[in-house]
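2 protein chains.
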Amino acid sequence: MTTDFSATKRMFDLPAGMTYLDGNSLGPLPRAVADRVAHAVTQEWGHMLITGWNKAGWMDLPRRVGDRIARLIGAEAGSVIMGDTLSIKVYQALASAVEMNPERRVILSDTGNFPSDLYMADGLCRTLGRGYTLRTVAPEEVMEAIDETVAVTLITEVDYRTGRRHDMAAITERAHAKGALTIWDLAHSAGALPVDLAGCKADFAVGCTYKYLNSGPGGPAFIYVAPRHADLVRPALSGWLGHEAPFAFDLDYRPGRGIERMRVGTPPILQLAALDAALDVWDHVAMADLRATSLALTDRFIAGVEAACPDLVLATPRDHDRRGSQVSFRHPEGYAIMQALIAEGVVGDFRAPDIIRFGFTPLFIDAGDVDRAVAVLARIMAERLWDRPEFKARAKVT
Amino acid sequence: MTTDFSATKRMFDLPAGMTYLDGNSLGPLPRAVADRVAHAVTQEWGHMLITGWNKAGWMDLPRRVGDRIARLIGAEAGSVIMGDTLSIKVYQALASAVEMNPERRVILSDTGNFPSDLYMADGLCRTLGRGYTLRTVAPEEVMEAIDETVAVTLITEVDYRTGRRHDMAAITERAHAKGALTIWDLAHSAGALPVDLAGCKADFAVGCTYKYLNSGPGGPAFIYVAPRHADLVRPALSGWLGHEAPFAFDLDYRPGRGIERMRVGTPPILQLAALDAALDVWDHVAMADLRATSLALTDRFIAGVEAACPDLVLATPRDHDRRGSQVSFRHPEGYAIMQALIAEGVVGDFRAPDIIRFGFTPLFIDAGDVDRAVAVLARIMAERLWDRPEFKARAKVT
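Line order of the protein sequences matches chains A and B.
Add 113 to the 1-based position in the first sequence for the working numbering, that's all there is to it.
Add 113 to the 1-based position in the second sequence for the working numbering, that's all there is to it.
Possibly wrong hints are sitting among the right ones.
You can't tell identical chains apart in this list, so a pair holds if it fits in one copy or across any two.
Pairs of lysine-lysine, BS3-like flavour, derived with a Cα cap of 30 Å [as the list claims (entries may be wrong)]:
| # | residue 1 | residue 2 |
| --- | --- | --- |
| 1 | K505 | K168 |
| 2 | K168 | K291 |
| 3 | K122 | K168 |
| 4 | K314 | K505 |
| 5 | K122 | K314 |
| 6 | K291 | K314 |
| 7 | K314 | K168 |
I should point out that these hints are in silico values taken from the structure, not numbers from a laboratory.
Could you put together the complete structure from these sequences and hints?
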């Protein structure tokens with residue numbers, strides 16, 4: 114398959130005049146979603162009511178959608194299931210992993226991880242007590258820090274601020290050599306670049322779907338458990354839909370088969386319907402093409418900005434193997450620069466203290482969009498258009 | 114306000130020819146929902162993209178919707194927030210409560226509780242270790258079982274099978290007298306009958322919204338924390354949106370103010386939009402009217418069925434104070450009887466081993482619906498219409 118990205122671009126409903134480089138925060142609306150969600154509301158919920166759980170396939174949706182995502186992250190069929198939020202899935206994976214490695218007390222992560230992962234790990238350690246600790250090192254020290262005390266590593270492959278990418282295969286190999294398990298957070302990987310969970314022998318992975326997978330605000334998360342572990346993990350979040358027979362209403366919990374046990378409560382059917390429709394776009398995409406085009410776009414953006422904006426300092430690694438699908442620059446006035454960009458219709462985002470961040474999704478971003486973004490940014494920097502009071506007043510959510 | 118239930122009935126989109134007595138499992142579609150969800154998809158997500166978090170008020174939606182539910186359950190403004198599933202909220206409330214009562218090791222629940230609550234409590238005890246135990250007694254033994262060893266009670270007010278209702282005020286008073294905290298599961302209470310969390314001095318409450326609140330399949334759950342506790346609880350599920358300053362991206366967790374700290378991850382905006390629209394119906398409802406009408410409907414149904422169907426044994430308490438808004442009968446062939454009813458357009462549901470269950474929601478069920486359901490059930494029993502092979506083959510989900 115050769116991917117036609119002009120065709121995928123037409124599958125999105127993008128606002129006129131906007132260059133949207135924030136798909137790494139919230140992906141845009143795929144055209145197929147509105148009808149699919151309306152169908153779920155009116156034809157399924159409205160007409161089928163309670164029978165929708167069977168007749169409309171709602172009960173199987175978390176598994177069926179999980180299989181569609183599995184293909185994009187190099188996971189085995191039947192190894193991924195949808196539900197909850199990424200933070201909950203982090204907790205669930207961590208709680209399972211530490212129980213599988215009962216002699217050890219350390220969860221290892223890095224300071225480049227998304228803070229919620231660290232918060233959830235910290236909360237779990239407090240609940241576990243008994244000396245469980247979150248050890249956080251600098252990203253470049255992760256390999257060295259994996260030793261015989263580590264029960265599990267909790268690493269986000271692609272850094273949400275800089276776009277720096279960890280070496281999943283090497284870290285996983287090192288972890289296994291030291292007797293540790295691995296949890297990979299794919300928030301900025303799934304749909305951004307090829308991932309090979311099975312090939313890397315990853316143990317667990319988690320991710321969200323509202324970024325590069327375009328499921329919409331608050332779309333459900335996913336969890337991957339390697340098939341070799343799936344019948345061994347004992348879920349800490351032992352909800353009824355992860356039970357072997359939920360509708361037997363037994364008083365005692367018995368985990369379901371394989372990945373099914375990672376279900377917790379009732380799945381969010383409307384959000385799953387949106388995600389299911391959003392995933393149709395991927396039927397037309399070869400991941401190798403996506404990566405090649407993403408790298409071409411990010412190279413083009415880096416070259417353009419560096420040529421025109423000497424005050425912006427590249428925060429993203431230049432090496433292709435060491436970055437995801439975003440480009441970030443540092444500048445002390447980053448917040449105001451991003452506000453000025455947004456006012457001109459070039460939408461990226463800002464991450465404290467000084468990072469402006471641009472996501473490049475070949476599905477709906479092309480070279481023309483890159484050139485426009487470069488030109489607008491160059492003008493803002495050359496004419497100091499960011500130096501206005503209205504761009505410096507910080508909004509509550511950026 | 115005097116409630117006009119013929120007006121609320123017109124606010125629902127009910128399938129023609131169906132008498133839907135399963136709103137206690139999945140509420141029907143309120144007419145306002147489809148447009149509101151379509152607006153959230155197309156106008157908010159589609160046009161505002163990332164700025165929807167501020168411009169469309171997505172970030173505040175869990176709190177704003179929580180306040181609308183607070184009014185229905187006798188909770189103080191600012192004490193309820195939406196998110197996750199009921200099972201997750203049970204875990205979150207339990208983990209907070211046991212930490213507030215650190216000298217004690219017992220979670221007390223009863224065998225009439227919904228199994229997922231018990232499973233989640235069991236999972237939490239395993240994660241906590243250190244002697245934490247779930248003690249489960251018969252529903253009628255709860256009062257007696259609350260002693261000085263109990264850290265927290267986890268009680269569902271209305272039994273999902275029988276409709277039996279616990280005495281929230283008495284149990285809460287007894288728990289406090291013995292130094293225990295209380296968590297009330299309102300799955301079959303919120304929107305079913307008046308609840309007075311503040312008046313009962315409840316400590317925590319949790320509930321789902323897809324039953325009597327009609328939010329649709331997989332609608333988000335809610336959690337209540339009494340204002341006297343809200344700035345003291347330390348969340349175990351310490352997600353970034355419960356942080357004091359989520360967008361500071363600090364490496365260390367600091368809980369947000371009050372109920373805000375019970376947020377975890379990114380809220381499900383499409384499901385929240387559906388719920389928000391569904392709650393409009395309640396602007397026209399006085400809870401006292403709802404209760405009076407619900408009791409009249411359930412009395413009418415009990416009297417009609419008992420007169421016509423001597424083989425069905427009432428499982429629901431007759432005493433008004435001791436029941437919710439559903440009526441259940443027992444029969445060894447309950448499953449087949451319910452299938453026969455559904456085939457005739459009278460939709461209730463079956464709960465193993467022998468319970469047929471009927472929910473009565475005055476919002477869209479009136480005396481004519483009750484009479485029709487009685488007549489159909491009477492004919493099925495009199496003519497043994499349930500005794501056919503097609504009604505006895507069990508589906509996967511009932």
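For each hint, the structure was consulted:
1. K505 to K168: between (53 Å within a copy, 18 Å between copies)
2. K168 to K291: neither (48 Å within a copy, 49 Å between copies)
3. K122 to K168: between (33 Å within a copy, 25 Å between copies)
4. K314 to K505: Answer is neither; intra-copy 47 Å and inter-copy 46 Å both fail.
5. K122 to K314: Neither. Shortest intra-copy (34 Å) and inter-copy (56 Å) distances fail the 30 Å Cα cut-off.
6. K291 to K314: within (14 Å within a copy, 52 Å between copies)
7. K314 to K168: Result: close neither inside a copy nor across copies, 37 Å intra and 43 Å inter.
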